[in-house]
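Enquirer: Next come the chains, spelled out residue by residue.
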Amino acid sequence: MRRVAIIGVGMSRFGELWERSFRDIVISAGTEAIEDANLEGREIEAMYVGNMSGGRFLAQEHIAALIADYSGLASINIPSIRVEAGDASGGVALKEAYIAVASGIHDIVIAAGAEKVTDVGSAMEIMNSSIDQEWEAFHGATLASLYAMMARFHMHEYGSTEEDLAKISVKNHRNAVHNPKAQFRREISVEAVLSSPYVAEPLKVLDSAPISDGASVIILASEDVARKYTDTPVFIDSIVQSSDYFALQNREDVLEMRSVRVATRKALKLARCELRDIGVFEMHDSFTITEMLLYENVGIAEKGKGHELVREGEVELGGRTPVNPSGGLKACGHAVGATGIRQAAEIALQLRGDAGKRQVDAERGMVVNVGGTGATAVVSVFRR
Amino acid sequence: MLPRFWRKIKYRYNLIGTKCENCGRTFYPPRNLCPECRRKSSIVEVELGDTGVVLSYSVVHDAPESMKLERPYIVGLIRLDSGVVVTSQIVCDPEDVRIGMRVRAAFRRYGEDGEDGIIYYGTKFVPVEE
Ligand SMILES: [Zn+2]
Numbered sequence: 001m002r003r004v005a006i007i008g009v010g011m012s013r014f015g016e017l018w019e020r021s022f023r024d025i026v027i028s029a030g031t032e033a034i035e036d037a038n039l040e041g042r043e044i045e046a047m048y049v050g051n052m053s054g055g056r057f058l059a060q061e062h063i064a065a066l067i068a069d070y071s072g073l074a075s076i077n078i079p080s081i082r083v084e085a086g087d088a089s090g091g092v093a094l095k096e097a098y099i100a101v102a103s104g105i106h107d108i109v110i111a112a113g114a115e116k117v118t119d120v121g122s123a124m125e126i127m128n129s130s131i132d133q134e135w136e137a138f139h140g141a142t143l144a145s146l147y148a149m150m151a152r153f154h155m156h157e158y159g160s161t162e163e164d165l166a167k168i169s170v171k172n173h174r175n176a177v178h179n180p181k182a183q184f185r186r187e188i189s190v191e192a193v194l195s196s197p198y199v200a201e202p203l204k205v206l207d208s209a210p211i212s213d214g215a216s217v218i219i220l221a222s223e224d225v226a227r228k229y230t231d232t233p234v235f236i237d238s239i240v241q242s243s244d245y246f247a248l249q250n251r252e253d254v255l256e257m258r259s260v261r262v263a264t265r266k267a268l269k270l271a272r273c274e275l276r277d278i279g280v281f282e283m284h285d286s287f288t289i290t291e292m293l294l295y296e297n298v299g300i301a302e303k304g305k306g307h308e309l310v311r312e313g314e315v316e317l318g319g320r321t322p323v324n325p326s327g328g329l330k331a332c333g334h335a336v337g338a339t340g341i342r343q344a345a346e347i348a349l350q351l352r353g354d355a356g357k358r359q360v361d362a363e364r365g366m367v368v369n370v371g372g373t374g375a376t377a378v379v380s381v382f383r384r
Numbered sequence: 001m002l003p004r005f006w007r008k009i010k011y012r013y014n015l016i017g018t019k020c021e022n023c024g025r026t027f028y029p030p031r032n033l034c035p036e037c038r039r040k041s042s043i044v045e046v047e048l049g050d051t052g053v054v055l056s057y058s059v060v061h062d063a064p065e066s067m068k069l070e071r072p073y074i075v076g077l078i079r080l081d082s083g084v085v086v087t088s089q090i091v092c093d094p095e096d097v098r099i100g101m102r103v104r105a106a107f108r109r110y111g112e113d114g115e116d117g118i119i120y121y122g123t124k125f126v127p128v129e130e
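Going down the list, the protein sequences come from chains A and B.
With the UniProt record's numbering, the residue at position 16 of the first sequence is 16, and numbering never jumps.
With the UniProt record's numbering, the residue at position 23 of the second sequence is 23, and numbering never jumps.
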């Protein structure tokens with residue numbers, strides 16, 4: 001296996017981009033990444049695309065070939081492969097791209113993620129398609145209500161509160177102010193979160209990530225090739241995907257995200273480091289409770305103590321374990337299939353020292369990308 | 001939704017799960033393969049009983065189109081006395097639902113297929129008077 005480095009990153013603005021087409025947003029992200037990597041374009045050998053639901057959002061399948069074409073890569077006839085894993089599609093696409101380079105099959109590849117969701121009516125119903133349709137959704141469960149049940153159980157067992165969760169949303173909004181690509185670049189108050197309408201009690205509108213349009217692109221190269229293009233490669237030391245029982249009801253403990261625990265442990269082992277060596281995190285805050293449960297399942301908090309990290313400010317930009325300097329899914333935006341790539345792009349910027357006013361001083365970073373309620377998890381470790 | 005409903009009708013009406021006689025684990029919904037034993041699976045159907053407690057719940061306000069008329073409604077994870085956890089609706093005042101509350105399965109209207117469509121029924125849970 002060869003070492004793999006990120007040599008370029010790019011992303012479109014995230015948000016409700018009703019005036020721009022799916023193709024437009026992919027092109028802007030791709031062009032930025034190719035420029036960032038100092039490539040001409042012809043050097044790229046393959047493309048992996050994370051996309052959750054082109055079929056339902058746009059009635060467009062065969063997305064990988066479409067994106068390859070509009071990225072200017074159809075003229076060099078490279079293979080393009082779409083990857084779907086709910087809202088972990090981007091993370092899995094990155095893993096597949098990593099394997100292609102690490103294995104020696106390709107020297108330079110693109111990992112992209114893209115979603116255009118606001119062209120159709122019920123984005124929420126499409127998001128719900130990542131949970132079990134026959135045994136969860138059939139009974140009226142929504143993705144939000146499943147996370148809400150985890151939140152309710154955590155509050156009951158461990159004494160966390162709606163205010164603790166609100167503070168996670170407030171933190172992510174505060175970080176996004178300094179991210180030019182973010183959907184919501186404005187601070188919000190704890191009171192605003194607490195007084196926003198319930199989606200599924202105890203989760204409210206402002207506990208929930210928006211469903212956004214956006215694209216993000218990363219260019220990977222083998223170590224020797226990377227050195228020719230950049231003085232600041234960011235290495236992917238490990239990237240591990242894991243699964244769990246699909247429906248929440250089949251998990252022994254609803255607060256245990258075993259896919260996350262297993263992937264984290266393996267990712268740290270492969271990267272030959274400890275959790276305390278990680279200086280910055282991007283975690284999947286599809287809801288505030290998701291981020292809090294990830295503190296516990298990744299291990300920066302003990303089980304049942306995720307809310308203490310929030311109360312002590314440890315997950316803030318200046319804290320000991322900063323989480324979501326980009327603003328996270330909540331404030332940077334959740335362009336579903338793009339999210340896993342977008343998170344990795346943020347860590348690359350952080351480790352290169354290109355994160356502007358949201359810069360954290362760190363040698364290593366970690367990304368946690370989750371599909372649905374945790375039936376898929378991708379955990380990766382990056383190093384400068 | 002209808003074909004998906006009728007195909008599993010027996011399991012929706014009666015809370016029947018499957019037990020692996022090799023390892024003793026019980027699953028709902030039923031599975032033809034034990035995820036622990038795989039090739040050594042020895043699957044039989046078992047009745048799961050109709051009483052249990054609320055493990056957790058949520059009052060749903062933002063619902064998909066097909067459930068809009070029912071809002072707000074309660075979804076819960078019910079731990080049956082047989083030990084198996086099921087996802088279902090809980091029928092009571094949203095103010096009254098609690099973790100640990102005892103509930104029992106009941107036959108309730110689930111929905112209908114379009115305005116003139118067939119009305120179908122299935123299991124929901126109601127509080128047990130104590
Ligand atoms: Zn078994």
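Bear in mind the hints are in silico, worked out from the structure with no lab data behind them.
Source: prediction; values computed, not measured.
A few of these clues could be false.
Among the chain A residues that face chain B by a calculated CB cut under 7 Å, a handful are [said to hold, decoys possible]:
#1 Trp-135
#2 Met-149
#3 Phe-153
#4 Leu-194
#5 Ser-195
#6 Glu-201
#7 Arg-261
Ideal Cβ positions, reconstructed from N, Cα and C, are used throughout, including at glycine.
Enquirer: Trp-135(A) was flagged as interface toward chain B. Is the shortest Cβ-Cβ separation under 7 Å?
Expert: holds (5 Å)
Enquirer: Classify the hint on Phe-153(A) as holds or violated, based on whether any CB of chain B lies nearer than 7 Å to its CB.
Expert: holds (4 Å)
Enquirer: Holds or violated: is the Cβ of Leu-194(A) closer than 7 Å to a Cβ in chain B?
Expert: Violated, because the Cβ-Cβ distance from Leu-194(A) to chain B comes to roughly 15 Å (cut-off 7 Å).
Enquirer: May I ask you to test the interface hint for Arg-261(A) with respect to chain B, counting a Cβ-Cβ separation under 7 Å as satisfied?
Expert: Check failed: Cβ of Arg-261(A) comes no nearer than 17 Å to chain B, outside 7 Å.
Enquirer: Regarding the hint that Glu-201(A) lies at the interface with chain B, is the smallest CB-CB distance below 7 Å?
Expert: holds (4 Å)
Enquirer: Answer holds if the nearest beta-carbon of chain B is closer than 7 Å to that of Met-149(A); otherwise answer violated.
Expert: holds (4 Å)
Enquirer: Would the stated hint for Ser-195(A) survive a check requiring a Cβ distance to chain B of less than 7 Å?
Expert: violated (14 Å)
The structure does not agree with the numbered hints 4, 5 and 7 stated previously, though it agrees with the rest.
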